[in-house]
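> Could you build all of it, start to finish, from the sequences and the hints given here?
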Amino acid sequence: MAVIKTEGLTYVYGEGTPFRKVAVDHIDLEIEEGEFVGIIGHTGSGKSTLIQHFNGLLKPTEGSVYIDGEKLWDDKAKLRPIRFKVGLVFQYPEYQLFEETVYKDIAFGPKNMGLDDDEIDRRIKETARMVGLKPEMLEKSPFDLSGGQKRRVAIAGVMAMNPKVLILDEPASGLDPKGRERILSMLKDYHKQTGNTVLLVSHSMEDIAKNAQKILVMNKAKLFCYDETVKVFHRSEELRQMGLSVPQITRVFDRLKAMGIGLDDDVYTVKYAAELVLSMLKRREG
Amino acid sequence: MSSFIEIRDLEFSYINEIEEPPVVTEVLKGVTLDINKGEFVAVLGHNGSGKSTLAKCINGINIPQKGSVSVDGMSVADENNLLDIRQKVGMVFQNPDNQIVATIVEEDVAFALENMGVDPKEIRRRVDEALKTVGMYEYRLHAPHKLSGGQKQRVAIAGIIAMRPDCILLDEPTAMLDPKGRAEVMKTIKELNENGVTIVLITHYMEEAVQADRVVVIDGGEIVLDNEPKKIFSQVNTLKNLGLDVPQVTELCHILRSEGVDLPDDVITEEECVEKLYELLG
Ligand SMILES: Nc1ncnc2c1ncn2[C@@H]1O[C@H](COP(=O)(O)OP(=O)(O)OP(=O)(O)O)[C@@H](O)[C@H]1O
Ligand SMILES: Nc1ncnc2c1ncn2[C@@H]1O[C@H](COP(=O)(O)OP(=O)(O)OP(=O)(O)O)[C@@H](O)[C@H]1O
Ligand SMILES: [Mg+2]
Ligand SMILES: [Mg+2]
Numbered sequence: 243m244a245v246i247k248t249e250g251l252t253y254v255y256g257e258g259t260p261f262r263k264v265a266v267d268h269i270d271l272e273i274e275e276g277e278f279v280g281i282i283g284h285t286g287s288g289k290s291t292l293i294q295h296f297n298g299l300l301k302p303t304e305g306s307v308y309i310d311g312e313k314l315w316d317d318k319a320k321l322r323p324i325r326f327k328v329g330l331v332f333q334y335p336e337y338q339l340f341e342e343t344v345y346k347d348i349a350f351g352p353k354n355m356g357l358d359d360d361e362i363d364r365r366i367k368e369t370a371r372m373v374g375l376k377p378e379m380l381e382k383s384p385f386d387l388s389g390g391q392k393r394r395v396a397i398a399g400v401m402a403m404n405p406k407v408l409i410l411d412e413p414a415s416g417l418d419p420k421g422r423e424r425i426l427s428m429l430k431d432y433h434k435q436t437g438n439t440v441l442l443v444s445h446s447m448e449d450i451a452k453n454a455q456k457i458l459v460m461n462k463a464k465l466f467c468y469d470e471t472v473k474v475f476h477r478s479e480e481l482r483q484m485g486l487s488v489p490q491i492t493r494v495f496d497r498l499k500a501m502g503i504g505l506d507d508d509v510y511t512v513k514y515a516a517e518l519v520l521s522m523l524k525r526r527e528g
Numbered sequence: 005m006s007s008f009i010e011i012r013d014l015e016f017s018y019i020n021e022i023e024e025p026p027v028v029t030e031v032l033k034g035v036t037l038d039i040n041k042g043e044f045v046a047v048l049g050h051n052g053s054g055k056s057t058l059a060k061c062i063n064g065i066n067i068p069q070k071g072s073v074s075v076d077g078m079s080v081a082d083e084n085n086l087l088d089i090r091q092k093v094g095m096v097f098q099n100p101d102n103q104i105v106a107t108i109v110e111e112d113v114a115f116a117l118e119n120m121g122v123d124p125k126e127i128r129r130r131v132d133e134a135l136k137t138v139g140m141y142e143y144r145l146h147a148p149h150k151l152s153g154g155q156k157q158r159v160a161i162a163g164i165i166a167m168r169p170d171c172i173l174l175d176e177p178t179a180m181l182d183p184k185g186r187a188e189v190m191k192t193i194k195e196l197n198e199n200g201v202t203i204v205l206i207t208h209y210m211e212e213a214v215q216a217d218r219v220v221v222i223d224g225g226e227i228v229l230d231n232e233p234k235k236i237f238s239q240v241n242t243l244k245n246l247g248l249d250v251p252q253v254t255e256l257c258h259i260l261r262s263e264g265v266d267l268p269d270d271v272i273t274e275e276e277c278v279e280k281l282y283e284l285l286g
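Heads up: the sequence lines are chains A and B, in that order.
Mind the numbering: the first sequence is residues 243 to 528 in the numbering used here, read in order.
Mind the numbering: the second sequence is residues 5 to 286 in the numbering used here, read in order.
Some but not every residue of chain A turned toward chain B, in silico, with C-beta under 8 angstroms:
#1 Ser-290
#2 Gln-333
#3 Pro-419
#4 Gly-485
#5 Leu-486
#6 Arg-497
#7 Leu-498
#8 Val-512
#9 Val-519
#10 Leu-520
In silico lysine-lysine, DSS-like type, Cα no more than 25 angstroms apart, as pairs:
#11 B:Lys-184 <-> A:Lys-452
#12 A:Lys-456 <-> B:Lys-184
#13 A:Lys-513 <-> B:Lys-235
#14 A:Lys-524 <-> B:Lys-280
#15 A:Lys-382 <-> A:Lys-346
#16 B:Lys-234 <-> A:Lys-420
#17 A:Lys-513 <-> B:Lys-280
#18 B:Lys-244 <-> A:Lys-420
#19 B:Lys-244 <-> A:Lys-452
#20 B:Lys-150 <-> A:Lys-263
#21 A:Lys-263 <-> B:Lys-184
#22 B:Lys-184 <-> A:Lys-473
#23 A:Lys-263 <-> A:Lys-247
#24 B:Lys-244 <-> A:Lys-430
#25 A:Lys-430 <-> A:Lys-420
#26 B:Lys-150 <-> A:Lys-301
#27 B:Lys-136 <-> A:Lys-462
#28 B:Lys-244 <-> A:Lys-376
#29 B:Lys-33 <-> A:Lys-420
#30 A:Lys-499 <-> B:Lys-184
#31 B:Lys-150 <-> A:Lys-464
#32 B:Lys-235 <-> A:Lys-420
#33 A:Lys-462 <-> B:Lys-150
#34 B:Lys-184 <-> A:Lys-462
#35 B:Lys-280 <-> A:Lys-499
#36 A:Lys-313 <-> A:Lys-327
#37 B:Lys-191 <-> A:Lys-462
#38 B:Lys-194 <-> B:Lys-60
#39 A:Lys-346 <-> A:Lys-327
Hints were generated in silico from the structure; no laboratory data involved.
All figures in this text were calculated on a predicted structure; none of them were measured in a lab.
Note that CB positions come from ideal geometry on N, CA and C, so glycine has one too.
This is how it looks when you write it as structure tokens:
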């Protein structure tokens with residue numbers, strides 16, 4: 243069964259004003275449980291608006307959203323548990339840290355869920371380990387941490403609720419390359435270890451290529467496609483036309499292919515590219 | 005003759021006077037840097053290395069505690085120069101929310117021009133042109149705070165382009181943009197540069213730094229590397245140790261070289277990589 247399902251999902255900002263904007267337009271979508279999904283789309287394509295429907299932060303203007311088969315908004319009382327089931331990490335989440343210690347900040351969500359202190363403690367320690375925060379950091383003030391560390395605290399706070407679906411809106415934006423790599427490999431480990439569904443919104447095709455099994459492409463408020471990573475990056479020309487791209491390494495090998503170099507597969511990570519070139523050279527020698 | 009931007013032994017610390025005793029964060033520890041008119045310089049460094057702090061020293065938001073900074077011969081330490089300096093050096097800030105001043109996009113873009121006393125007709129022309137350049141003309145009557153992240157960033161860039169400064173400092177201007185938006189901003193930057201505008205671009209995207217004439221790397225408040233892009237990005241291990249990275253094409257050639265494949269160590273663009281691999285496999 244799909245963990246997230248939408249039917250004709252539509253959202254309009256500023257209805258009845260001159261600035262009426264259809265930000266999400268009749269989207270039908272089914273995301274299976276346990277998937278690692280990359281979400282891409284040009285700026286203003288509706289990515290942030292779409293994902294805010296998945297945990298009931300926005301109410302569809304039209305159409306419906308189902309989480310785990312349950313329709314949102316039929317019964318408002320049921321929205322609260324949905325917010326625990328679907329954890330949403332906003333862009334620049336570190337601006338929302340406010341407690342005196344890292345420990346308390348991570349505890350905030352689990353506490354709201356009504357978990358007992360022992361369970362809260364267990365979850366904090368586990369998520370801190372998962373995001374790579376050393377135990378001694380838990381007693382520090384979040385304001386004494388670096389940008390990248392703050393970001394990890396904010397993500398840990400949502401992870402500690404152990405949501406069935408974890409959604410992150412550009413979690414690596416503004417981080418330096420090393421910080422970026424750390425956050426992404428941490429998400430990959432989290433996905434592997436918990437088996438939870440992860441949705442990652444990003445403008446970096448390279449990051450999406452390295453991590454996502456499937457890609458959801460938004461274009462002008464509509465769902466352009468939802469498919470396997472390889473298949474999506476295979477449509478490089480269409481992606482380019484909608485303001486997106488493919489990883490740099492993919493562009494290189496697409497061009498080599500066009501120049502007549504025989505390549506069976508699409509290349510979309512550096513690691514695979516290196517293996518491919520080495521095996522071609524070996525075959526030639528042999 | 006002195007260079008356009010002249011930085012000598014610059015030291016800068018943030019001093020938080022609210023705390024008792026005041027908390028001092030030492031950031032820049034003796035930076036010397038010359039930027040000539042018309043240059044396109046990319047600045048790299050890990051989070052917290054001091055990039056934004058340095059940029060704010062150049063247009064006089066931060067006043068150095070030691071050493072000196074001057075723009076076109078005018079010292080930033082002299083308050084009487086600040087208005088002139090800020091018209092010569094426009095800055096696109098890291099967080100576009102900090103830059104939004106008006107409730108309508110086109111007023112926001114016009115704001116600095118009005119303060120500069122530019123003729124209203126000329127303002128109209130420049131605002132329209134700048135909004136078209138960044139692809140936000142159709143949003144000219146919208147409220148900036150209701151735009152998506154990437155849209156706000158474009159509006160902030162338009163505001164600076166409209167001022168037509170001699171030099172533009174851009175602090176991670178593409179952090180929230182999609183690939184096309186990033187490419188367009190880079191194209192705009194290069195066109196401005198070809199028309200003589202000096203560009204200082206702070207970025208975490210190595211593919212952008214590759215396009216500059218010169219790359220400056222900051223670490224711990226000091227300049228640790230300053231050279232042309234090829235000479236910088238061929239130092240793959242050094243960059244990684246500084247928390248930085250190299251373009252994917254450079255990374256690929258680096259891996260292949262370490263496996264004994266005969267490739268140069270300074271492949272930094274897509275074109276060069278295609279060419280070298282074609283020679284190898286074709
Ligand atoms: N609060 C709001 N009021 C009115 N319009 C809005 C509001 N928030 C977003 N919009 C508009 O809705 C559209 C979709 O915005 P959204 O933030 O979902 O895009 P996005 O794909 O997340 O973009 P980005 O990549 O820049 O973050 C945009 O055209 C935007 O201008
Ligand atoms: N207003 C401030 N008051 C006190 N400390 C500050 C202030 N602004 C920055 N700092 C500190 O100064 C150091 C350098 O910050 P700066 O913003 O210049 O780094 P940066 O290289 O631009 O980093 P990033 O890549 O994250 O933007 C950091 O340790 C930061 O925490
Ligand atoms: Mg968004
Ligand atoms: Mg900065």
